[in-house]
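**Q** Each chain is listed here by its residues.
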Amino acid sequence: MNTPTSELAGRVKEVRTENGRADHTRGIVFEPHVDIAEMDDNLQLYVDLPGVMPDDVDVRFENRELRIHGKVTAAAPDRHFLLHEYRVGDYYRAFSVTDDVDTDAIRADLNEGVLTVHLPKAASLKQRRITVNA
Amino acid sequence: MSTMRWLPLGQFWNEFDAVDNEMNHWLQHVALRNPAEPSGVPGAYPPINVWDDADNIYLEAELPGTTLENLEITITDGNRLTLQGQRKPAAMDKATWHRRERSFGSFSRTLTLPVLVDSDRVEAHFELGDLRVKLPKSPKAKPRRVEVKQGSSAKQTPEKGKRHEYANE
Numbered sequence: 001m002n003t004p005t006s007e008l009a010g011r012v013k014e015v016r017t018e019n020g021r022a023d024h025t026r027g028i029v030f031e032p033h034v035d036i037a038e039m040d041d042n043l044q045l046y047v048d049l050p051g052v053m054p055d056d057v058d059v060r061f062e063n064r065e066l067r068i069h070g071k072v073t074a075a076a077p078d079r080h081f082l083l084h085e086y087r088v089g090d091y092y093r094a095f096s097v098t099d100d101v102d103t104d105a106i107r108a109d110l111n112e113g114v115l116t117v118h119l120p121k122a123a124s125l126k127q128r129r130i131t132v133n134a
Numbered sequence: 001m002s003t004m005r006w007l008p009l010g011q012f013w014n015e016f017d018a019v020d021n022e023m024n025h026w027l028q029h030v031a032l033r034n035p036a037e038p039s040g041v042p043g044a045y046p047p048i049n050v051w052d053d054a055d056n057i058y059l060e061a062e063l064p065g066t067t068l069e070n071l072e073i074t075i076t077d078g079n080r081l082t083l084q085g086q087r088k089p090a091a092m093d094k095a096t097w098h099r100r101e102r103s104f105g106s107f108s109r110t111l112t113l114p115v116l117v118d119s120d121r122v123e124a125h126f127e128l129g130d131l132r133v134k135l136p137k138s139p140k141a142k143p144r145r146v147e148v149k150q151g152s153s154a155k156q157t158p159e160k161g162k163r164h165e166y167a168n169e
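In the order they appear, the protein sequences are chains A and B. Anchor point for the first sequence: position 25 equals 25 in this note's numbering, and the numbering is continuous, going up by one each time. Anchor point for the second sequence: position 13 equals 13 in this note's numbering, and the numbering is continuous, going up by one each time.
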């Protein structure tokens, strides 16, 4: 059973503010690719953060905003490139999260360069299977 | 303002079961260029950086979410490097996707390196979704200085106006 996408999408909305970037002035900052999936009991964010060590990931929840920041060690600047398809830099992305998420229970794991953020739904919203007694 | 470093292949990659082997032959020509700025060419996964110094060629690629068993690097003929593998999405029974920006599926890229490398001594490490490969340049590929000898190797001095003649000329 699926509720309309537009209603679900409102639970986690992207935030683009200049204020959120005030601390991140360490050079180039990139927006990591993100997938967002919704299941019965929770939402999951998958964020591509290659090259970021677990200690260098900062996941914060403030003012109903989920902020993800990943620090990456910059490469030596004087490389003699033969092929240069991507640059290396910090990652930052922010999303606003509505009341429908149980914000105290937000959890994040980092594996193989992918950050998975678990956002459990508030108890009232979890879909329950109702057993039917015949 | 942030920038997207490279454009994903878009809908091309957003199918769970997409199996796509892509041989990027055009990269053979790109390998000879020396751009100061990233080329930012869309369409090739994974994005690759290659640089060198006097002794080695270095390659790095970002492959978040790909596991070691799904990754393969081959070197043929001493200078053709193939990077292939697969990125599988997390198994999901029922999920509604609100955003799909990450690409999945099989990939294969082949680069022609500008010099021969010593395949036996290539080192590759995969950590935090970052692949780093170090390819030592083959001794045969290193420039060798040729000594230029003065005048003739014959016993008598050549006559004036006649240049040195090589055997079998």
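Simulated from the structure, these hints should not be mistaken for lab results. Idealized CB from N, CA, C, for every residue including glycine. A hint or two may mislead.
[Said to hold, decoys possible] Cβ pair distances, simulated, as ranges:
id, chain 1, residue 1, chain 2, residue 2, range
1, B, K142, A, P77, 22 to 30 Å
2, A, P77, B, A95, 38 to 46 Å
3, A, S96, B, V115, 28 to 36 Å
4, A, D55, B, R132, 13 to 21 Å
**Q** Confirm or reject each hint.
**A** So, going through the hints one by one against the coordinates:
One distance hint, 22 to 30 Å for the beta-carbon pair K142 (chain B) and P77 (chain A), holds here, with the actual separation near 26 Å. At roughly 42 Å, the beta carbons of P77 (chain A) and A95 (chain B) sit within the given window of 38 to 46 Å. Remark: the range hint 28 to 36 Å for S96 (chain A) to V115 (chain B) is contradicted by a beta-carbon distance near 52 Å. Our hint of 13 to 21 Å for D55 (chain A) and R132 (chain B) holds, since their Cβ atoms are close to 20 Å apart.
The structure fails to meet hint 3 from the earlier list, while all remaining hints are met.
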